[in-house]
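**Q** Read off the chains here:
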Amino acid sequence: MDFNLSEERRMLRDMLQRLLSERYSHDARRKLLASGAAYDTEILSELADLGILGAMFSEADNGFGGTGFDIAVVFEELGRSGVIEPVLAVAVLGGALIAQLGTDTQRHLIDQIISGQTVIALAHSEPGARYDIGDVSSLAVAEGDDIVINGAKTHVINGAQADHLIVSARMDTEIVLFLVSKDTRGLSIVNHANVDGTSGARLQMTDLRVSKAQQLGGHGTAITALNATMARAILAVSAEALGAMEAAKDLTVTYLKERRQFGMPIGKFQVLQHRMADVLIEIEQARSAVINLAGHLDAEPKLRDLHVSATKNLIGRVGALVAEEAIQLHGGIGMTDEYALSHFARRLTMIDHMFGDVDYHIERFIQLSSA
Amino acid sequence: MDLGYTTEQDAFRTMVRAFLSEKLPASIAEKTRLGKRLSKADMETWHSILNEKGWLAPNWPKAYGGAEWDVVQRQIFEEEACFAHAPRVVPFGLTMLAPVLMKYGTEAQRQKFLPRILTGEDWWCQGYSEPGAGSDLAALKTRAVLDGDHYVVNGQKTWTTLGQHANWIFCLVRTNTEVKKQEGISFLLIDMKTPGVVVRPITLIDGDAEVNEVFFDNVRVPVENLVGEQDKGWTYAKYLLTHERTNIAGVGFSDAALRTLKHVAANTIAGGKPLSRNPHFAARVAQAEIDLMAMRTTNLRVVSAAAKGQAPGAESSMLKIKGTLLRQELTALLRRAAGPDAMPYLPDYLEGGDNADSMGPEHAPAAAPGYFNMRKLSIFGGSNEIQRTIISKAILDL
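If you're matching them up, the sequences are chains A and B in order. Last residue of the first sequence: 600 in the working numbering, with the numbers rising by one and none dropped. Last residue of the second sequence: 387 in the working numbering, with the numbers rising by one and none dropped.
Chain A extracted, bound-state conformation (with noise of 0.2 Å):
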């Protein structure tokens, strides 16, 4: 047992800790959002330079990382500063993908994502599908030599952003998942801000054509894939979480201190002391919860989503109390757009939106745990 990062890491996470403290505010965020932008293309490829996006890829993919605790260590730190830009959807969704599945060819892709050059996205969701992956409704006909696709797809990160994207369609009764350049015919891309101030977007795939080398993975390997690639991305968003909760922790440790009521700073209150103290106890489980799944990632899979929805439901009820426990500590200012709690809350209470629920994760659980 050893429960400290490797030197290695700790590098990565300092170095990461340098630039976003340098590099990344609150306020620049805001403005930024306030422009209308997506994310800042600078810092992504200052977060590139740093070797942030070649962490997430093993030395085999031209990374040098990979691994559970190497998703980890970065998203903690992504969402301690509240970090926007497309990380997620480039170098874990995209991009593992693209490791697992693609021929030589599309595996050249990888480098221009390392190195910050290409934005890629999944399409994956429909519309009405929740958080079931297998329910893929869009449809992929061979026409020749070609295959023809039609259907819509929705909540696709950064979609709008992408130069590539990963859409999914059903062919023959399986998943089969292609790899589309933003600008080809017959697809239409519509961006949109989300709650947290990250992007999604909807997509409409009309008579898209595409060639069968195009097609990312053979038959039948689609949804194995899809379900390591979301075992990665809920790691990834719960290490998120696990920053943001941190980031939220300390503002309100400090509110607690500083704001004086009655005569006296509020943190003096033995109420406020002990649910403050609650919320330490959740996040340190919250804590745990990562390094158990960061742990099992690469486990035989029924053992690797045991931990995933553990872990999902586990980051999904402390996300929720810590954000409002956070918030009615610090009463009216908490709530407010210009204050960083409202925005760390905000992003706690989508991310279980995201890949499943607490409801979704629990009932997979109880599915798994008793198989």
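Quick caveat, the hints were computed from the structure, so don't treat them as lab data. Treat the hints with caution; some may be incorrect.
What the hints assert, rightly or not - Derived coverage of chain B by chain A (criterion: at least 3 residues anywhere in the stretch with Cβ under 8 Å from a Cβ of chain A; other residues may be distant): (1) 35 to 45; (2) 264 to 272; (3) 363 to 374.
Ideal Cβ positions, reconstructed from N, Cα and C, are used throughout, including at glycine.
Once you have looked at the hints, place chain B on chain A.
**A** Coordinates of chain B only, in the frame set by chain A:
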């Protein structure tokens, strides 16, 4: 014990229901049903419809143009109005300031201000909280100094709900710094068009700006706008708060929210079956419903005690805590029911546009903003922590 309503009360409910179905504009009800934002004009329209019927001020005596309903009638109206998705009546003039003027104001103040509250000529807002005076309201610092026949006001108020629509503000101001903090406060009525008044909106976590900061820079207020006696404002402020806490349980709001939630859950397919059949989700909805059934009776027990002449005191703190937690739980469940469709932020839709290109169900876009907005319930009007302190002191004698 008799849990039923009288024949008269049943007839009253029928009358209210018929009025709502005839007079409540469909466009306003639709916005309320979907959690969209109401414009100033929407609120004014609904006020004027109620005023025409004589129902805008249920708690006022008939002599002032009120309906003079008893608490059970008011409760019935609240339930029916929420059921019909009527917007809430903006309370600052009608249920907060008016009782203070009736009890402590001069005849001239009553004659001048009460009719204008009914007609909508004046829109009042509440100048209580300050950056340094929230739960500890009596610590307020906004200063009013007598200068001839005017007070000169300097300072800042905050969390002023709908202050952007208001032309008058009732304010607690400090007129004496030499005495105990509660004894140096006065209650002033301030015309917001007076030079030196500046309103700045505060954007909140839901993306909307329903609260404001109000700044006072050498604002001259005629002495006839002082309510009651100088330095006695704390008494009036506390009297106003007892009225702020009427209908604090929000049973009608919870009824409407529960009905919406059950409808959404029954029509949302999750994992191949309606969400209402998901045991984890359904259990939380059922628990909220069970709590609401009990709270309806708790609320009626408290209000009917008040109807017999007993003022609801610390019991209203109990209703506030339980009622706000329940309303918050219902919004959390509605957000969760929306699933991934709770993520997009669609301000155009919330401002009244249609849902054509959101590709989600109609309740989804307001689910997360509504959840975040309702966090205020346990903070404002005396935070739930303050209410628990009131209960421990006033009921438990601890």
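**Q** Evaluate each hint against the coordinates.
**A** For each hint, the structure was consulted:
Check result for the stretch 35 to 45 of chain B against chain A: violated, 0 residues qualifying (beta carbon to beta carbon below 8 Å, three or more required). Only when three residues or more bring their CB closer than 8 Å to a CB of chain A does the claim for the stretch 264 to 272 of chain B stand; here the count is 3, and the claim holds. Counting residues of the stretch 363 to 374 of chain B whose CB lies closer than 8 Å to any CB of chain A gives 8, so the stated coverage by that chain holds, three being the minimum.
Hint compliance for this structure: hint 1 alone is broken.
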